[in-house]
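Put together the whole structure using the sequences plus the hints.
Here's the letter readout for the chains.
There are 2 protein chains.
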Amino acid sequence: MDNNIITPIKFNNGIITILDQTKLPNEIVYVDLVTVEDVYDSIKELKIRGAPAIGIAGAYGLFVVSRNSKALTVKELLNELKIKGDYLISSRPTAVNLEWAIKRIVHKLNINIFSTTNEVLEFVSSEAQLIQKEDEQTCYKIGEFGSKLLENVKNVLTHCNAGSIATAKYGTALSPIYYLNDRGKNIHVYADETRPLLQGARLTAWELMKAGIEVTLITDSMAGFVMAKKNIGAVIVGADRITANGDVANKIGTYSVAILAKEHKIPFYVAAPLSTFDVSIDSGDDIPIEERAKEEVTFIGGRQYAPDDVDVYNPAFDVTPNEYITAIITEKGIITPSYRANIKKHFE
Amino acid sequence: MDNNIITPIKFNNGIITILDQTKLPNEIVYVDLVTVEDVYDSIKELKIRGAPAIGIAGAYGLFVVSRNSKALTVKELLNELKIKGDYLISSRPTAVNLEWAIKRIVHKLNINIFSTTNEVLEFVSSEAQLIQKEDEQTCYKIGEFGSKLLENVKNVLTHCNAGSIATAKYGTALSPIYYLNDRGKNIHVYADETRPLLQGARLTAWELMKAGIEVTLITDSMAGFVMAKKNIGAVIVGADRITANGDVANKIGTYSVAILAKEHKIPFYVAAPLSTFDVSIDSGDDIPIEERAKEEVTFIGGRQYAPDDVDVYNPAFDVTPNEYITAIITEKGIITPSYRANIKKHFE
Numbered sequence: 018m019d020n021n022i023i024t025p026i027k028f029n030n031g032i033i034t035i036l037d038q039t040k041l042p043n044e045i046v047y048v049d050l051v052t053v054e055d056v057y058d059s060i061k062e063l064k065i066r067g068a069p070a071i072g073i074a075g076a077y078g079l080f081v082v083s084r085n086s087k088a089l090t091v092k093e094l095l096n097e098l099k100i101k102g103d104y105l106i107s108s109r110p111t112a113v114n115l116e117w118a119i120k121r122i123v124h125k126l127n128i129n130i131f132s133t134t135n136e137v138l139e140f141v142s143s144e145a146q147l148i149q150k151e152d153e154q155t156c157y158k159i160g161e162f163g164s165k166l167l168e169n170v171k172n173v174l175t176h177c178n179a180g181s182i183a184t185a186k187y188g189t190a191l192s193p194i195y196y197l198n199d200r201g202k203n204i205h206v207y208a209d210e211t212r213p214l215l216q217g218a219r220l221t222a223w224e225l226m227k228a229g230i231e232v233t234l235i236t237d238s239m240a241g242f243v244m245a246k247k248n249i250g251a252v253i254v255g256a257d258r259i260t261a262n263g264d265v266a267n268k269i270g271t272y273s274v275a276i277l278a279k280e281h282k283i284p285f286y287v288a289a290p291l292s293t294f295d296v297s298i299d300s301g302d303d304i305p306i307e308e309r310a311k312e313e314v315t316f317i318g319g320r321q322y323a324p325d326d327v328d329v330y331n332p333a334f335d336v337t338p339n340e341y342i343t344a345i346i347t348e349k350g351i352i353t354p355s356y357r358a359n360i361k362k363h364f365e
Numbered sequence: 018m019d020n021n022i023i024t025p026i027k028f029n030n031g032i033i034t035i036l037d038q039t040k041l042p043n044e045i046v047y048v049d050l051v052t053v054e055d056v057y058d059s060i061k062e063l064k065i066r067g068a069p070a071i072g073i074a075g076a077y078g079l080f081v082v083s084r085n086s087k088a089l090t091v092k093e094l095l096n097e098l099k100i101k102g103d104y105l106i107s108s109r110p111t112a113v114n115l116e117w118a119i120k121r122i123v124h125k126l127n128i129n130i131f132s133t134t135n136e137v138l139e140f141v142s143s144e145a146q147l148i149q150k151e152d153e154q155t156c157y158k159i160g161e162f163g164s165k166l167l168e169n170v171k172n173v174l175t176h177c178n179a180g181s182i183a184t185a186k187y188g189t190a191l192s193p194i195y196y197l198n199d200r201g202k203n204i205h206v207y208a209d210e211t212r213p214l215l216q217g218a219r220l221t222a223w224e225l226m227k228a229g230i231e232v233t234l235i236t237d238s239m240a241g242f243v244m245a246k247k248n249i250g251a252v253i254v255g256a257d258r259i260t261a262n263g264d265v266a267n268k269i270g271t272y273s274v275a276i277l278a279k280e281h282k283i284p285f286y287v288a289a290p291l292s293t294f295d296v297s298i299d300s301g302d303d304i305p306i307e308e309r310a311k312e313e314v315t316f317i318g319g320r321q322y323a324p325d326d327v328d329v330y331n332p333a334f335d336v337t338p339n340e341y342i343t344a345i346i347t348e349k350g351i352i353t354p355s356y357r358a359n360i361k362k363h364f365e
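One line per chain: the protein sequences are A and B, in this order.
Take 18 as the starting number for the first sequence in the working numbering and just add one per residue.
Take 18 as the starting number for the second sequence in the working numbering and just add one per residue.
Hints should not be assumed to be uniformly reliable.
One copy or two, it doesn't matter: identical chains are merged, so the pair holds either way.
[Claimed, not checked] Computed list of lysine-lysine pairs in DSBU-like fashion (alpha-carbon distance at most 30 Å, straight line):
{"no.": "1", "residue 1": "Lys311", "residue 2": "Lys247"}
{"no.": "2", "residue 1": "Lys246", "residue 2": "Lys279"}
{"no.": "3", "residue 1": "Lys227", "residue 2": "Lys349"}
{"no.": "4", "residue 1": "Lys279", "residue 2": "Lys171"}
Keep in mind that the hints were calculated from the coordinates and are not lab data.
Take a look at the structure:
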């Protein structure tokens, strides 16, 4: 069953292949990334998305640079990798994992000694694969820990896509579902479509169906009624950022879902790797809210659905205060309240 | 200012003109209804929508039948009106007001005595105009009573379209906003776009802008965050049906909004005419939930956004239990808890 879990990036015999997520679910298109521009464009155009997956793509971007390089010396190649690395980072400047992955490789290149450009190529290749492998393991561990919370649960509700195709494999919020499915326990997933960009409809529903997991698509407005009527045993979502006190920034709509879960006495779980925590930020109040283009709301698929000149509020994410969160699942275990103390302990 | 409030149906010199709501907000198209088939189609194709507005259109449909009739005797004409009335009802069999309006006129025709077909025509004309006028007055009174609840409110959130274009004029949920705006008090409205059919984006935002009322469009998923951040003083929605205990069936998503309002300690108001109450039904548990086509969720504007064969749950409305409702506003006054007793009193 594990084989049916979609991986968004493949590396075989030096060829990088990605799933073009902009074409989902109507077309399943895999694209080879041959040049550094291919990698840049695929990130910029959201063919590859999800913080961990973007980081992995960036790392493979450096491999592509190494392989295509005409540099004659190690020094020349390292210099080129630095420059092209910055170029890759600029494809999505706010993607923390992208910068992290590229800087990690560039840093390691600087502190190692290489005799030939081919040694550099080999090193970058193995480092990129390592980043991918580590993320897969991280997600797997999240699945393993998270599965313990879902043992008696039949139906789960999720928001947006924190799934396999946002990571190396397994995802974060969806990883426990995959983990349990692989062990013969079928959980039915209710997927919020997640306006404005419809990641739930386009991505979550698709990847779960591909893996043979039962999924029911709903509009975001139905979440409350589904909780009242459909025996939802848990809500599980991913996170963009988690602050020192356990507040969670995630896709807009997460906060509403958390309140609805509380009202229905349904546990609300956040699944995220340790890299999502930013303990330098005290609480969610200190996170600036990014507002995106109004056209994301007024247009769908190139067609206009609201009046010209209408005022729109379009925050990209919201902040769910820690009081609504039953537990946070990481690759290291499960964090429960009180969060400030327990997050600190978790990182020790 | 009142003049800028959109009326969806106009009757001037025997000509019935409707606003084609399927073309909003991109095109503002008014259509004359000349034949009974025009009326039937305009209801069936949702050019005219909203329970009260459909009832009014049906009544004018009988006027069209009378005017176009080739009947030579009163008896012949009354018979034709009965048959064509049933035909009009079949355009939207679940629209309670449509059946109510047509049966009201047919019943009055049966208990009155007419000498000529022209007398019948005059009678139907004045009855249809009366139904329209009564609805306008009902909505106006809802606005007047509702305005008292919004006196200290700066920002209101609403769901779907319970506005002027769903009624003769003024609407239900939006009527207090219009009432206050007409008296120089400007309330800012946050309008949920209301998936799947986007009535908030297409209709509510449009009619409020036309009337010069400040409106901000949001996706349904943003309602919770907007309540937390935007100083929302009240939520106000319409209703499809209200049961004897004060449970409210309304557009899917209303229940979620009611819970979010409760969590933010924001009053949650329902505005509806007395005709919306069905006290023969004890509680919301007894209301069957109509499920609509999955394509409403998976397709937007003819384009597919979810996988083929995905399972979809698409309830047309949900039930908000009375405990979430701060007050119900009717043309007769304001009903507060406990609802079972006070609704009974309200109808005495």
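Hint check:
1. Lys311 - Lys247: Close across copies (17 Å), not inside one copy (34 Å); limit 30 Å.
2. Lys246 - Lys279: both (15 Å within a copy, 20 Å between copies)
3. Lys227 - Lys349: Answer is within; shortest intra-copy Cα gap is 28 Å, inter-copy 56 Å.
4. Lys279 - Lys171: Both ways: Lys279 and Lys171 sit 18 Å apart in one copy and 28 Å across, limit 30 Å.
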